[in-house]
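Engineer: The residues making up each chain are set out below.
2 protein chains.
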Amino acid sequence: MPTDTSSGRVRVHCFSLSIDGFGAGPDQTLEQPLGVGGGTLHEWFFPTRTFRQMTGEDGGSTGVDDAFAVRGFEGVGAWILGRNMFGPIRGDWPDGAWKGWWGDTPPYHCPVFVLTHHARAPLVMEGGTTFHFVTDGIHSALRQAREAAAGKDVRIGGGVATVQQYLRERLIDELHLAIAPTLLGSGERLFAGLDPVQLGYHCVEHVTTPSALHVVLRRGE
Amino acid sequence: MPTDTSSGRVRVHCFSLSIDGFGAGPDQTLEQPLGVGGGTLHEWFFPTRTFRQMTGEDGGSTGVDDAFAVRGFEGVGAWILGRNMFGPIRGDWPDGAWKGWWGDTPPYHCPVFVLTHHARAPLVMEGGTTFHFVTDGIHSALRQAREAAAGKDVRIGGGVATVQQYLRERLIDELHLAIAPTLLGSGERLFAGLDPVQLGYHCVEHVTTPSALHVVLRRGE
Numbered sequence: 615m616p617t618d619t620s621s622g623r624v625r626v627h628c629f630s631l632s633i634d635g636f637g638a639g640p641d642q643t644l645e646q647p648l649g650v651g652g653g654t655l656h657e658w659f660f661p662t663r664t665f666r667q668m669t670g671e672d673g674g675s676t677g678v679d680d681a682f683a684v685r686g687f688e689g690v691g692a693w694i695l696g697r698n699m700f701g702p703i704r705g706d707w708p709d710g711a712w713k714g715w716w717g718d719t720p721p722y723h724c725p726v727f728v729l730t731h732h733a734r735a736p737l738v739m740e741g742g743t744t745f746h747f748v749t750d751g752i753h754s755a756l757r758q759a760r761e762a763a764a765g766k767d768v769r770i771g772g773g774v775a776t777v778q779q780y781l782r783e784r785l786i787d788e789l790h791l792a793i794a795p796t797l798l799g800s801g802e803r804l805f806a807g808l809d810p811v812q813l814g815y816h817c818v819e820h821v822t823t824p825s826a827l828h829v830v831l832r833r834g835e
Numbered sequence: 615m616p617t618d619t620s621s622g623r624v625r626v627h628c629f630s631l632s633i634d635g636f637g638a639g640p641d642q643t644l645e646q647p648l649g650v651g652g653g654t655l656h657e658w659f660f661p662t663r664t665f666r667q668m669t670g671e672d673g674g675s676t677g678v679d680d681a682f683a684v685r686g687f688e689g690v691g692a693w694i695l696g697r698n699m700f701g702p703i704r705g706d707w708p709d710g711a712w713k714g715w716w717g718d719t720p721p722y723h724c725p726v727f728v729l730t731h732h733a734r735a736p737l738v739m740e741g742g743t744t745f746h747f748v749t750d751g752i753h754s755a756l757r758q759a760r761e762a763a764a765g766k767d768v769r770i771g772g773g774v775a776t777v778q779q780y781l782r783e784r785l786i787d788e789l790h791l792a793i794a795p796t797l798l799g800s801g802e803r804l805f806a807g808l809d810p811v812q813l814g815y816h817c818v819e820h821v822t823t824p825s826a827l828h829v830v831l832r833r834g835e
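For the record, the sequence lines run as chains U and C. Sequence positions in the first sequence follow the numbering used here and run 615 to 835. Sequence positions in the second sequence follow the numbering used here and run 615 to 835.
Just so you know, these hints were derived from the structure itself, not from any lab. Glycine included, each C-beta is placed from N, C-alpha and C at the ideal position. Fair warning: there could be bad hints in the mix.
Computed beta-carbon distance windows for the label pairs [to be verified]:
1) 753(U) to 673(C): 36 to 46 Å
2) 816(U) to 824(C): 40 to 50 Å
3) 670(C) to 783(U): 46 to 56 Å
4) 667(C) to 816(U): 26 to 36 Å
5) 673(U) to 807(C): 36 to 46 Å
6) 723(C) to 753(U): 25 to 35 Å
7) 818(C) to 646(U): 17 to 27 Å
8) 673(U) to 704(C): 55 to 65 Å
9) 723(C) to 645(U): 45 to 55 Å
10) 666(U) to 761(C): 51 to 61 Å
Some, not all, of what chain C presents toward chain U, calculated at C-beta under 7 Å [said to hold, decoys possible]:
11) 633
12) 648
13) 790
14) 793
15) 810
16) 822
Please work from the sequences and hints to get the whole structure.
Structural biologist: Here it is in structure tokens:
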């Protein structure tokens, strides 16, 4: 009997937006993975214990901001990332040197499916993360991620374009957004050309902290 | 010697935006002055003492939300409103019957300049408010409002299209926005086609309350 892969939900977490609606700044580079000014989106996240653990540091805050960060990892059995969230390289992979932004031990600890137009062999990292490169589209990536998650949830990490594609196909069950008190002016707007109400989303939860307005959007309630 | 009218600032206050960036819902009518769903934008404002006083009621909250509401009236000597913020009537004024959404005693208590393409005689209301109808554009309205304010500040009330026009001309010194935990899906987006960073704005203040993320944007700092 095949594993039941239909029960897991598809979730987005810790997705920060600026006041003017951008989920990333323009001009991503190796030095600025979140685009110009994009780092200011995540100022609520950097001091959390969860983020500090991801970067090998002790301490960090354990309040509401951290609770949202923690939720983003709970019950997740596989991830999907857009190519740009995996790295700054465009086009063909020049060699196997680029292994993501996160060092030898990425914070995923499970299978991660990277959307790309350029085939590449799976990349087994330390700590349980394996990067799989999917060249046949978002539906295939989700099918593979669901299967790998084996009943647990699939988290779509980002970036903006990837989340938009899954939103348009009504494939995301829940999104946690963090509205940050910053202006980006340009970059990638999450809701550009998208009507979240028409797509079936409602705001089912909101909490403010000194650093952000956290909202949870859910489909079909 | 003419009155010095250059010292007053031009301010926007209590301008609510949804998570998806809308400052008003679609399809404004007499019954829904803020457009369909637009009322949910202002849920932070309705319980405040300031709002309750505007509607002739006692009580109301006196915390941070109310403090922002209070600031919006302090030091203001004249207002500018778009036609739609004054009323739902489009085209020619059929008669003098429509006197704004606010009853006999509007909450302005000073001269208010209404942008319109259709001339109408000034409308003297109770409590110090006079509505002046300006048919020769936003610059003329601002000139008249500055003169009427006599050194105090000019507040641009809205709606979205009016604020956008003044933003594009770099005529607004300060904006207080309240990001509300709600989705509108469609309507009028404040930052559509506008780059607030390029226009010189920075976020100089932010405070969260259980109901909203309040931010203050200022030009040229």
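Engineer: Now tell me, hint by hint, if it's right for this structure.
Structural biologist: So, going through the hints one by one against the coordinates:
1. 753(U) to 673(C): 36 to 46 Å: With Cβ atoms ~55 Å apart, the hint is violated.
2. 816(U) to 824(C): 40 to 50 Å: 19 Å, violated
3. 670(C) to 783(U): 46 to 56 Å: About 50 Å separates the Cβ atoms of residue 670(C) and residue 783(U), which means 46 to 56 Å holds.
4. 667(C) to 816(U): 26 to 36 Å: 32 Å, holds
5. 673(U) to 807(C): 36 to 46 Å: 43 Å, holds
6. 723(C) to 753(U): 25 to 35 Å: 60 Å, violated
7. 818(C) to 646(U): 17 to 27 Å: 24 Å, holds
8. 673(U) to 704(C): 55 to 65 Å: Distance hint for residue 673(U), residue 704(C) holds at roughly 59 Å.
9. 723(C) to 645(U): 45 to 55 Å: 53 Å, holds
10. 666(U) to 761(C): 51 to 61 Å: 56 Å, holds
11. 633: Status holds, d = 6 Å.
12. 648: 15 Å, violated
13. 790: With a minimum Cβ separation of about 12 Å from chain U (threshold 7 Å), the hint on residue 790(C) is violated.
14. 793: With Cβ-Cβ at 5 Å, under 7 Å, it holds.
15. 810: With Cβ-Cβ at 5 Å, under 7 Å, it holds.
16. 822: 3 Å, holds
Hint compliance for this structure: hints 1, 2, 6, 12, 13 are not met, and every other hint is.
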